[in-house]
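J.: Based on the hints, put chain R with the ligands in the right spot on chain Y.
Chains Y and R, in that order, are what the protein sequence lines are.
Residue numbering for the first sequence follows our numbering, beginning at 792 and increasing consecutively.
Residue numbering for the second sequence follows our numbering, beginning at 3 and increasing consecutively.
Hints were generated in silico from the structure; no laboratory data involved.
Treat the hints with care, since some could be wrong.
Some but not every residue of chain R turned toward chain Y, in silico, with C-beta under 8 Å [stated by the list, open to error]:
#, residue
1, LEU70
2, ARG104
3, VAL135
4, ALA165
Subject to a maximum C-alpha distance of 20 Å in a straight line, what follows is the list of computed PhoX-like cross-link-like pairs (lysine-lysine) [what the hints assert, rightly or not]:
#, chain 1, residue 1, chain 2, residue 2
5, R, LYS136, Y, LYS1003
6, R, LYS144, Y, LYS1003
7, R, LYS137, Y, LYS1003
Quick list of the computed label-pair ranges, beta carbon to beta carbon [claimed, not checked]:
#, chain 1, residue 1, chain 2, residue 2, range
8, Y, PRO1016, R, HIS224, 41 to 47 Å
9, Y, PRO898, R, ASN141, 21 to 27 Å
10, R, GLN161, Y, ARG1104, 23 to 29 Å
Source: prediction; values computed, not measured.
Where a beta carbon is used, it is the ideal one built from N, C-alpha and C, also for glycine.
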Amino acid sequence: MSSAAPTAPTSRRAAAVASAPDDDVVAIPLRHPWRWVVATVLGLSLVWLIYSMWTNPNISHQTVTKYLFNPRIVNGVLLSILITVIAMLVSTVLGVFLAIMRLAHNPVMNFFAWLYVWVFRGTPLLIQIVFWGYLGLLYQQITLGVPFTDFTVFSVDTNTLVPAFTAGLLALTLNQAAYSAEIIRGGMLSVDPGQTEAAASLGMSPAYTLFKVILPQATRVIIPPMGNETISMLKQTSLLSVIAVLEVYTVATQISSQNLRQVELLLVVSCWYLFLTSVLSVPQYYLERHFGRGNGAAQAPTPLGRLAALLRRAGVLKARPAVVRPTEGGQP
Amino acid sequence: MNALTVTEPVLDAVQTGALVQARNVRKSYGHVEVLKGITLSVKQGEVMCLLGPSGSGKSTFLRCINHLESIDGGRIIVDEELVGYAQRHGRIYEMNAREVSRQRSGIGMVFQRFNLFPHMTALENIMAAPVGVKKVERNAAKTRALELLDRVGLSHVAQHYPAQLSGGQQQRVAIARALAMEPQLLLFDEPTSALDPELVGDVLEVMRQLAADGMTMIVVTHEIGFARSVADTVVFMDGGVVVEAGPPAEVLDDPQNPRTVAFLNSVM
Ligand SMILES: Nc1ncnc2c1ncn2[C@@H]1O[C@H](COP(=O)(O)OP(=O)(O)OP(=O)(O)O)[C@@H](O)[C@H]1O
Ligand SMILES: [Mg+2]
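This is chain Y alone, in the form it adopts within the complex (with noise of 0.2 Å):
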């Protein structure tokens, strides 16, 4: 704070490059005051918004904990993200498949795959929902015969073959397989062709070269949109509530429709959303290292890895032998 302030920092700095290795970069950290205006004026926003909530008479933060467990709702969770998991494995399957088709020489397969993307994507999810749903209205029986004969093997009600659960499943599934079938073959286009060249000169079929080298090489490019077309689909569940799905939103919906507590019934379930994509980014992270493998940037550790690392160097879990590397270079 004298008149010797000034030449103070310098000197130290000074002190500190020579005391330094040559080789050591010892820089002041650039300073970044609007970040913190920044980060403190939303900061304080989240805050206010929380609080307004919180403390708003008309949001009973009671109903809120009481229903957050309760076991209606804990069942249309598990509900949720069944019809996720399901519709998400059968139409990846049907998504490559049609992929393959799109990508075929042949012409009619082509053409069956782009009709059935055009239809399904073109028209609402929320409509074909309903389509599935009264499926019933259009055709009241199903029937195993010949065509336009009175031969007929068995015949069942549509309704009992298709109760809303099938047909909201059935509806999420054909709907999703448009849209990955298309990230699919995107991601069969960004293999390079020298590929499937160099699979071919060794005498590999196509099948073989499309499962083995085509497609393992395709998912680290597919795997991050259907992380995102999964978490899509876990919120899209809730649309099966115009045909009565008991899945978490709709459950809500009934029990809200008779305690009339609908705010807080939308913060549980919002909550439960929440939880769960938060919790679907962990198996992608997982798969995007397992596809990745041979690209130099996927080799980091991981997060539990890096959890372990620390722990044995402060000596809680034991020590483990020295992994070898794989070293650069090294011509006999």
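T.: Using the frame of chain Y, we list chain R with the ligands on its own:
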């Protein structure tokens, strides 16, 4: 959709005992004729180097030999079999995918850009085709793959992914991968053109060794030194035709055609 027009009397395959025989091979992309009647033959154990300016059709011809490209006219015969087509009752039929794959498995190919499978280690790259195509038992395939890696001097990188290898190492793995199918013919399309100059030598050394071991090879290359010392025949192509062919001493050191002279002057 029979792509082949029969312009010459259909001959019963084989005559000369050559492993590869190309007769009057023609190929067009759209209206542009890229190969205008290539005729040449390669004997068992022979090394043929293909030279020529860019766009002369060297790669195209090489790719026709393992039917990566179909031909529009003429015949290519490898080991007494028409490539890509079956001949029955004097007529020519397109082969189905399985037959084409079977033929290709006997013809190895090494690419300018290596084309290793990036999601497999060097070892897995070499094992993939023997296990997947020839149904060789995994352990036997692995033993064989390690032998091949040793042969190209790369035992120490068996577990590395292609991205962790230098260009020269990748190309040598690619050669080992082709050898794993025990082909009777190896095709090389400018195998050293994508390499840093100091890595070219290692790859050429492996190829030299293969030639000495009696492998039949067709090599598209700009390495005149390699062609001179290893090739039995040098073929100079330009504009989709063979301009000059013969032993290296004749074609490289005493070229007769002015186009050959001009090309050699430009690369040497
Ligand atoms: N798939 C294709 N479609 C259309 N034209 C092609 C195709 N592949 C090659 N060509 C054309 O065929 C001609 C011969 O090409 P090719 O690749 O065989 O030449 P090259 O002798 O190998 O040349 P380089 O030394 O540059 O590799 C070129 O004019 C090229 O533009
Ligand atoms: Mg070429």
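J.: Now tell me if each hint is right for this structure.
T.: Each hint, compared with the structure:
no.: 1; hint: LEU70; result: 6 Å, holds
no.: 2; hint: ARG104; result: 7 Å, holds
no.: 3; hint: VAL135; result: 5 Å, holds
no.: 4; hint: ALA165; result: 5 Å, holds
no.: 5; hint: R:LYS136 to Y:LYS1003; result: 15 Å, holds
no.: 6; hint: R:LYS144 to Y:LYS1003; result: 18 Å, holds
no.: 7; hint: R:LYS137 to Y:LYS1003; result: 15 Å, holds
no.: 8; hint: Y:PRO1016 to R:HIS224: 41 to 47 Å; result: 43 Å, holds
no.: 9; hint: Y:PRO898 to R:ASN141: 21 to 27 Å; result: 45 Å, violated
no.: 10; hint: R:GLN161 to Y:ARG1104: 23 to 29 Å; result: 27 Å, holds
Of the numbered hints stated above, the single one contradicted by the structure is hint 9.
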